[in-house]
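Single-letter residue listing:
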Amino acid sequence: MTQAVQAESTEVSGDLYAEVRTFYARQMRRVDSLDIEGFADTFTDDGVVLHANGARAEGRAQMVAGMYKNLPRYRDVAVRHWFDHLLIEPEPDSGGNTLRVSYYSLVTLVDAQGAITFEPTFTVEDVLVRRDGRLLTAERIIHRDLPVVF
Amino acid sequence: MTQAVQAESTEVSGDLYAEVRTFYARQMRRVDSLDIEGFADTFTDDGVVLHANGARAEGRAQMVAGMYKNLPRYRDVAVRHWFDHLLIEPEPDSGGNTLRVSYYSLVTLVDAQGAITFEPTFTVEDVLVRRDGRLLTAERIIHRDLPVVF
Amino acid sequence: MTQAVQAESTEVSGDLYAEVRTFYARQMRRVDSLDIEGFADTFTDDGVVLHANGARAEGRAQMVAGMYKNLPRYRDVAVRHWFDHLLIEPEPDSGGNTLRVSYYSLVTLVDAQGAITFEPTFTVEDVLVRRDGRLLTAERIIHRDLPVVF
Chain A
1 MTQAVQAEST
11 EVSGDLYAEV
21 RTFYARQMRR
31 VDSLDIEGFA
41 DTFTDDGVVL
51 HANGARAEGR
61 AQMVAGMYKN
71 LPRYRDVAVR
81 HWFDHLLIEP
91 EPDSGGNTLR
101 VSYYSLVTLV
111 DAQGAITFEP
121 TFTVEDVLVR
131 RDGRLLTAER
141 IIHRDLPVVF
Chain B
1 MTQAVQAEST
11 EVSGDLYAEV
21 RTFYARQMRR
31 VDSLDIEGFA
41 DTFTDDGVVL
51 HANGARAEGR
61 AQMVAGMYKN
71 LPRYRDVAVR
81 HWFDHLLIEP
91 EPDSGGNTLR
101 VSYYSLVTLV
111 DAQGAITFEP
121 TFTVEDVLVR
131 RDGRLLTAER
141 IIHRDLPVVF
Chain C
1 MTQAVQAEST
11 EVSGDLYAEV
21 RTFYARQMRR
31 VDSLDIEGFA
41 DTFTDDGVVL
51 HANGARAEGR
61 AQMVAGMYKN
71 LPRYRDVAVR
81 HWFDHLLIEP
91 EPDSGGNTLR
101 VSYYSLVTLV
111 DAQGAITFEP
121 TFTVEDVLVR
131 RDGRLLTAER
141 IIHRDLPVVF
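Chains as they are written, first to last, in UniProt numbering: chain A, 1 to 150; chain B, 1 to 150; chain C, 1 to 150.
Hints in this document: simulated from the structure, not taken from any laboratory. Here the structure is a predicted model, which means the values were calculated and not measured. Glycine included, each C-beta is placed from N, C-alpha and C at the ideal position. What you were told as hints is all true, and nothing was included just to trick you.
Listed next, the stretches of chain A that the computed footprint assigns to chain B, with coverage defined by at least 3 CB atoms under 8 Å from CB atoms of chain B:
1) 11-20
2) 28-36
3) 70-78
4) 110-116
Pair ranges (Cβ atoms, derived):
5) A:T98 with B:G54: 45 to 51 Å
6) B:V64 with A:T98: 46 to 52 Å
7) C:N70 with A:G59: 44 to 50 Å
8) B:D46 with C:Y68: 55 to 61 Å
9) C:P92 with A:A112: 50 to 56 Å
10) B:G95 with A:T117: 42 to 48 Å
11) B:I142 with A:T117: 20 to 26 Å
12) C:E58 with B:R56: 49 to 55 Å
13) B:V64 with C:D111: 42 to 48 Å
Chain B regions said to be covered by chain A (calculated; three or more residues, Cβ under 8 Å):
14) 14-27
15) 80-87
16) 110-124
17) 133-146
Taking the hints into account, I'd like the entire structure generated from these sequences.
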């Protein structure tokens, strides 16, 4: 099992790490500023998002519609998505043009007075693809973190 | 709009990403350990900080004075500044010696018993300059995150 | 004092930064999924952990025993360890095979209903070693963040 640590960790160059982090830095600024169309533009036309509650959006049009429907949740609060522990795994034989990326996500909500609340934590699994040189999200599966049963 | 994702994301090399993150790792250790002079030394002599409350410090001397004045806020609490989603944009024609960097910031305060509280979230815009090979902050604008009006 | 910012920041290549972050991304997935043996396998056989409460585990066997003893703390909660501000300092004359790494750590606990609580913040000092090409933790010292006395 520990072999995997070596084999996979050496696959991720510094340049790729910086590129992926920069991609998410831009994508999250768009979603957190409620730039719904701009956010959808960071997905492929046929991009899929599977939310933790089971809701599924297929394609940019559904994604945009779903986000407008959810907008009232963000009235009077500033939302921020925080990421950590990115694991970037280039798909074999994709020439580096398909990346499996997973990461931890924490979501803060701050009201106009500065009071902060937190959503539960999530773990996200993305498939990123490079089209005409730029990264896009082709698939996103969001898992709410649940207690381990033991 | 999405073109920007490509164009800019490819500008940030892994080495630059690591350098900038390391710069902030050191700078934040200094501010969080209340090493006021050490923190001020990570700014240019004429560095400017514009705080979210509108307070403005110009030059290291003002910065140091302002921080000593604010010290009582940190009596009996350990403060930690957490960053995420760095966007690093080298200034064109600066030869990589001027960087615009923005990032999310979360601030925790922990008391001696371990109880944690949180400040509101912030987005920070820095200008970093390289002088004699090392990075320094020339300008910092701190924005408190506010609800989007829609 | 500021000279250190330059000297040390230029030592960390983008590739090394990505390798270390990927190492922790894997190690934290193991500890947070309560994969105790898998977590212990990311340490050297004689790895040492000094906990913030003074407890000390020497070697994988003690580490595993201690973690099983602590398992009840994680019944009905999903734990997640968040890192920030990594400082990576290759040990001189180690050929890049020994790294001193320190980082901030925040710990979240989420119950099945999604309610979140936070442990105090910590600062961690690790020694990582590269054996047969892969990183392992040889030593970990965990400090609970305490108010600065002034």
